[in-house]
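Top line first, the protein sequences correspond to chains A and B. Using this note's numbering, the final residue of the first sequence is 452, and nothing's skipped along the way. Using this note's numbering, the final residue of the second sequence is 137, and nothing's skipped along the way.
Be careful, since some hints might not be right.
What the hints assert, rightly or not - Derived PhoX-like pairs: lysine-lysine, alpha-carbon spacing no greater than 20 angstroms straight-line:
{"#": "1", "chain 1": "A", "residue 1": "Lys74", "chain 2": "A", "residue 2": "Lys279"}
{"#": "2", "chain 1": "B", "residue 1": "Lys3", "chain 2": "A", "residue 2": "Lys160"}
{"#": "3", "chain 1": "B", "residue 1": "Lys3", "chain 2": "A", "residue 2": "Lys279"}
{"#": "4", "chain 1": "A", "residue 1": "Lys70", "chain 2": "A", "residue 2": "Lys221"}
{"#": "5", "chain 1": "B", "residue 1": "Lys44", "chain 2": "A", "residue 2": "Lys282"}
Hints in this document: simulated from the structure, not taken from any laboratory.
Listed below, chain by chain, are the residues.
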Amino acid sequence: MPTYLLFDVGSTYTKGCIVDIDQERILAQASALTTATTDISIGIQAVKDRMMDVLSKVTIDQTLACSSAKGGLKMVAVGLVPDLTLKAATLACYSAGAKVIQAYSFMLNDHEIKQIEDSGCDLLLLTGGTDGGNRDVVLHNASKLSKLNRKFPILYAGNKSCQDDIRAILSAGGFDITICPNVMPVYGVLEVEECRDKIRDLFLSTIVKAKGLSELNSLIKEIVLPTPYSVMEALKLLSSGTKSESGIGDLMAVDIGGATTDVYSMNKQFVVKDNVGYKGLKEPLQKRSVEGDLGVRFNAHSVYELKADEVDDEGMKDYVQEIEEGKIDSFDTQKDSRLAAWCCEIACQRHAGRMETSYTPMGVGYYQSGKDLRDVRVMIGIGGPILHSKNPVEILKKALTQKAHPEILLPLEIEAYLDRNYVVSCLGLLAHRHPDEVLRLLKRNVEKLNDE
Amino acid sequence: MEKTTIVIGVIGADVHAVGNRIIEYAMNQAGFNVVNLGVMVSQKEFVDAAIETNAKAIIVSSLYGHGELDCRGLGDACKEAGLDVLLYVGGNLVVGKSDFEVVEEKFKKMGFDRVYPPGSDIEQGIRDLMADLKNKA
Ligand code: B12
Numbered sequence: 001m002p003t004y005l006l007f008d009v010g011s012t013y014t015k016g017c018i019v020d021i022d023q024e025r026i027l028a029q030a031s032a033l034t035t036a037t038t039d040i041s042i043g044i045q046a047v048k049d050r051m052m053d054v055l056s057k058v059t060i061d062q063t064l065a066c067s068s069a070k071g072g073l074k075m076v077a078v079g080l081v082p083d084l085t086l087k088a089a090t091l092a093c094y095s096a097g098a099k100v101i102q103a104y105s106f107m108l109n110d111h112e113i114k115q116i117e118d119s120g121c122d123l124l125l126l127t128g129g130t131d132g133g134n135r136d137v138v139l140h141n142a143s144k145l146s147k148l149n150r151k152f153p154i155l156y157a158g159n160k161s162c163q164d165d166i167r168a169i170l171s172a173g174g175f176d177i178t179i180c181p182n183v184m185p186v187y188g189v190l191e192v193e194e195c196r197d198k199i200r201d202l203f204l205s206t207i208v209k210a211k212g213l214s215e216l217n218s219l220i221k222e223i224v225l226p227t228p229y230s231v232m233e234a235l236k237l238l239s240s241g242t243k244s245e246s247g248i249g250d251l252m253a254v255d256i257g258g259a260t261t262d263v264y265s266m267n268k269q270f271v272v273k274d275n276v277g278y279k280g281l282k283e284p285l286q287k288r289s290v291e292g293d294l295g296v297r298f299n300a301h302s303v304y305e306l307k308a309d310e311v312d313d314e315g316m317k318d319y320v321q322e323i324e325e326g327k328i329d330s331f332d333t334q335k336d337s338r339l340a341a342w343c344c345e346i347a348c349q350r351h352a353g354r355m356e357t358s359y360t361p362m363g364v365g366y367y368q369s370g371k372d373l374r375d376v377r378v379m380i381g382i383g384g385p386i387l388h389s390k391n392p393v394e395i396l397k398k399a400l401t402q403k404a405h406p407e408i409l410l411p412l413e414i415e416a417y418l419d420r421n422y423v424v425s426c427l428g429l430l431a432h433r434h435p436d437e438v439l440r441l442l443k444r445n446v447e448k449l450n451d452e
Numbered sequence: 001m002e003k004t005t006i007v008i009g010v011i012g013a014d015v016h017a018v019g020n021r022i023i024e025y026a027m028n029q030a031g032f033n034v035v036n037l038g039v040m041v042s043q044k045e046f047v048d049a050a051i052e053t054n055a056k057a058i059i060v061s062s063l064y065g066h067g068e069l070d071c072r073g074l075g076d077a078c079k080e081a082g083l084d085v086l087l088y089v090g091g092n093l094v095v096g097k098s099d100f101e102v103v104e105e106k107f108k109k110m111g112f113d114r115v116y117p118p119g120s121d122i123e124q125g126i127r128d129l130m131a132d133l134k135n136k137a
């Protein structure tokens, strides 16, 4: 079986590793700091240099990469009702590893159309209506979109009864239109899998090229997935296991970066406790959320702003100011850890479901919306800020349910784990090719931390 | 021909589930595409579901006696959302045995097209619905 050279490019650290599938070993791994502005190939070269010892001795059968370069996969989501098809569309984008840069509901107006034109999106997901349901809004939206000057791929995953009309309207407008099954075929039922596959295919077939990741020159054909998609594949495998080997069960993971914070939750079952009513769409068992305003570098300031009311710390204020102005020459690990802890806390709170208590004439009633994660124990930390922290457990503990917010359904206890060697995103690239081997590699490399 | 979609559910904090099941069954038998929101349904859920599914009618049940409080504003919410639906309500709308004409009047003012007294047969509701839909078409 082959030996692979794997890369994760485009974020603050460029990561690479060499994996020998036969021996189930990671022969080498390295990372290199890359600023957002530097050429991606510089980071790749730096990582290769660091693995040169091994690289010069082995034969690489295949090189594969995942990428979040140039802002990652930027999508616009369009739906009908905010809590229904728009929510379904957004969850589909997230689970495909995309960032939702704009989201619209109901009939698009000229102002919104203009915003979409200017958004610089890589792909637009158009939804609306259950199968056999509302047609008017999605048809209106398609004809509005068809008149845009800037062309980008459009994926339609709305009311199936309009598929042919939508295809006709958008192709006539010069758009590259792909059709897939409805993300909400019947009321309240979410079906993201096929949509997710189609987004990945489009990423591979057109978006990588369209994004002009040309500085990657020789590597461009190796980019097969958006980075978060790859992370998701790795976490799914680690959680559910394979036919021949069991996974570690339900888990959560938080991936903190310079600009964004991603949270993942993988569950076998959708938990709704006894005597609790459920409201709205049932979210995916394998869910990803991404927070575009939470990160320790490009968003340090916005993180601080969210916390400013609670913290009274001039040091932090000055620190984020310096980061914002780019005046900093040496980053402070302790302060970065505080920022990371805030990112973890806020992002996990946004990811988790809510329990609403309603006081009715009939007494107290409970309604849940979103995922109940109170029984999840495994909490995996991914990404530089957690990895480089002196106390990663403390950061991850911010994902616990807080006394002041029992309505936010986060874990009651956690066991902290760490992606110590930066390999989760790379290993996800092989999750489908070599599931058993990759599962064991993941189990060995995702390290359990002791409480300090 | 595509089936006509209708949305049904028990409004408010009401958990009486048996009648709701019977209504779902009867409406399906009568040839409708039924979107059943179940029990403890909020006004927003009725409206959202009707928009996405392009429903032609919303059939609200209230069994526990707090129907008036729960239903207030639903008619306006439908109008606000641009929905053109028939709005029916039935069950035990108010506590105890009040004069039904008064109750009916109140609910009609709230925007309901038809209001049914306790113990009404759902088959009557279905006959009325078919006639009303035909009249609208
Ligand atoms: C079983 C029952 C319960 C069970 C419900 C179990 C469940 N999950 O379903 C439990 C024990 C939980 C319960 C609780 C309560 N109940 Co209770 N319950 C009943 C009971 C005995 C039977 C209900 C039933 O299933 N009927 C059978 C079905 C088929 O009939 P239906 O529900 O009426 O529905 C039919 C028609 O109404 C009609 N219909 C309904 N909607 C519509 C709409 C349209 C457009 C049309 C045309 C027709 C239509 O068609 C339906 C199908 O045939 C009734 C008494 C009775 N005999 O009706 C009391 C009754 C409904 N309950 C009552 C009360 C007061 C309560 C409680 C408040 C008691 C309390 N203090 O705790 C709580 C409320 C809880 C809550 N939050 O909802 C009162 C309501 C009084 C009122 N409205 O004036 C009743 C009438 C008993 C009474 N005589 O006092 N209850």
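Do the hints match the structure? See the list:
no., hint, verdict
1, A/Lys74 with A/Lys279, "violated (29 angstroms)"
2, B/Lys3 with A/Lys160, "holds (15 angstroms)"
3, B/Lys3 with A/Lys279, "violated (26 angstroms)"
4, A/Lys70 with A/Lys221, "holds (16 angstroms)"
5, B/Lys44 with A/Lys282, "holds (17 angstroms)"
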